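Asks: FYI, in numbering that gives the first Met the number 0 the residues of the sequence shown are 0 to 559.
By construction, these hints were calculated from the structure, which means they are not laboratory data.
None of the values given here were measured: they were computed from a predicted structure.
Just so you know, not all the hints are guaranteed correct.
What the hints assert, rightly or not - For lysine-lysine, the following DSS-like pairs were computed, each having C-alpha atoms within a straight-line distance of at most 30 Å: (1) LYS541 to LYS530; (2) LYS518 to LYS452; (3) LYS32 to LYS73; (4) LYS452 to LYS433; (5) LYS73 to LYS97; (6) LYS541 to LYS482; (7) LYS482 to LYS518.
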Amino acid sequence: MVEGGGLNPAVDNLSTEEWLSCAQGLVPKALEKAREVKGFPGRWKMIISKLEQIPSRLSDLSSHPCFSKNALCKEQLQAVSKTLNEAIELAEICVREKYEGKLRMQSDLDSLAGKLDLNLRDCGLLIKTGVLGEVSFPSAAPSTSAEAEALVHGNLRELLARLQIGHLEAKHKALDSLVELMKDDEKNMLAVIGRSNIAALVQLLTATSPRIREKTVTLICSLAESGSCENWLVTEGVLPPLIRLVESGSSVGKEKSTIALQRLSMSLETARSIVGHGGVRPLIEICRTGDSVSQAAAACTLKNISAVPETRQALAEEGIVKMMINLLDCGILLGSKEYAAECLQNLTSSNDDLKRSVISEGGIRSLLAYLDGPLPQESAVGALRNLVGSVSMDVLVSVGLLPRLVHVLKSGSLGAQQAAASAICRICSSTEMKRLVGEAGCIPLLVRMLEAKANNVREVAAQAVASLMTVSHNCREVKKDDKSVPNLVALLDPSPHNTAKKYAVCCLSLLSSSQKCKKLMISYGAIGYLKKLTEMDIPGAKKLLERLERGKLKSLFSRK
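Take the sequences, apply the hints, and build the full model.
Replies: See below:
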């Protein structure tokens, strides 16, 4: 039998049916002893009501077809028997009034009630989860791949069921196994896990045991990174406990919870929710004090949050601007610097207060220094493009913006080149600035961008060239370039997706004072394009067409 609340080794190898008989025999004995107790009437009344529910739960278990084949059933019956023996023992002590103290006994009785609740709950879960019919242990090895897969799935379901059923040590072992299986056999793991298992995992994030929390968040992090369970995780309330772990967990807990939030924050709705649950301040603190991996994950999460316009004020109030500039300068990993640049680009996209804040905190110099490094330049150039309209020309020149833009136009990615061209459009607000941009060597690089396959890249390059050409020196530079006329004529294409045509008309009109350029335009088919653009009422198309047609007639008469 079970004595003193523990298992007697002599009966530890009983069969499931024998454990059922043991538990069924203990129930009437426990009830009889409990009803004899005179003291603590309220607590014993509650305990008796729970004891009376046990027979029906045992009957539900034993009536299942797979009852005897399931290891969880045997373990559950052992746990019930252990609790019943404890009830008998405490009842006998109360009847004899031999307890050490009233408060101590009250505590023991409350503990007993809790264990009975757990036993009743776990018996119900064994039926509810459906795990009884899915876990069996065949004596022979599976003969087909389908049988092998079914066995793997069954074992996984048993481990997942253990997250909801049984004592703490069993949960520890189940979590250890599940963490390893997620590494080695993610496909089968994701095929088996269900919403109820996710809910059980989320509950374990708030367990009193730090080791349980650490193992649980490691598994949740893997599930989040898999990209298959985000909705279930968020729906089952994973965000608040993850944020608390970022705030006050162990080093492993902080790292894994931050990585999980990074993946979950890719959803705009979840990013909003992280702010609503108070997640910004702990993430900024991780950027300040965390190790390299945690810092990069926190920076990425904040970058994802900053993509949601309505969150930006809340981010600013928590000191996001200063932190991102600090990461640009001192981030441990290169990834942290890249996320910081992306975050600053998002923050400065529309909010003038945030633009001023970035400028006052020295953000322009940090962004320019970032451009001198090996990392992708697009976001940093994008942030600078957002800021240039709020800074005087003298400052932009003094900090060395133009040489950096030229460097990006020469060797940056297509996205970075587009952002650089867009920045040039914004800074060309005065004749003097246009002259300086032309002298910096941007024009030939922008002319080459007119050949890009991406329409938006061609458009911004054409816009920049059109703006620069209003200065005569720059216009001469465009005329000198052999690629300028053919590239601009190609942009007269009347198709709807070509949004650069209006800028191409502007540029070609400025070049049409040159006989050489007019002849080139005609030879590349500009007249045919312009006739269609005139019908579409594109500004300047009709005037340029008339000029080219007059030139064509003059050329025809001179040849005759």
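Asks: With reference to the structure, classify each hint as holding or not holding.
Replies: So, going through the hints one by one against the coordinates:
no.	hint	in the structure
1	LYS541 to LYS530	holds (8 Å)
2	LYS518 to LYS452	holds (26 Å)
3	LYS32 to LYS73	holds (26 Å)
4	LYS452 to LYS433	holds (26 Å)
5	LYS73 to LYS97	violated (34 Å)
6	LYS541 to LYS482	holds (24 Å)
7	LYS482 to LYS518	holds (14 Å)
In this structure, the one hint that does not hold is number 5.
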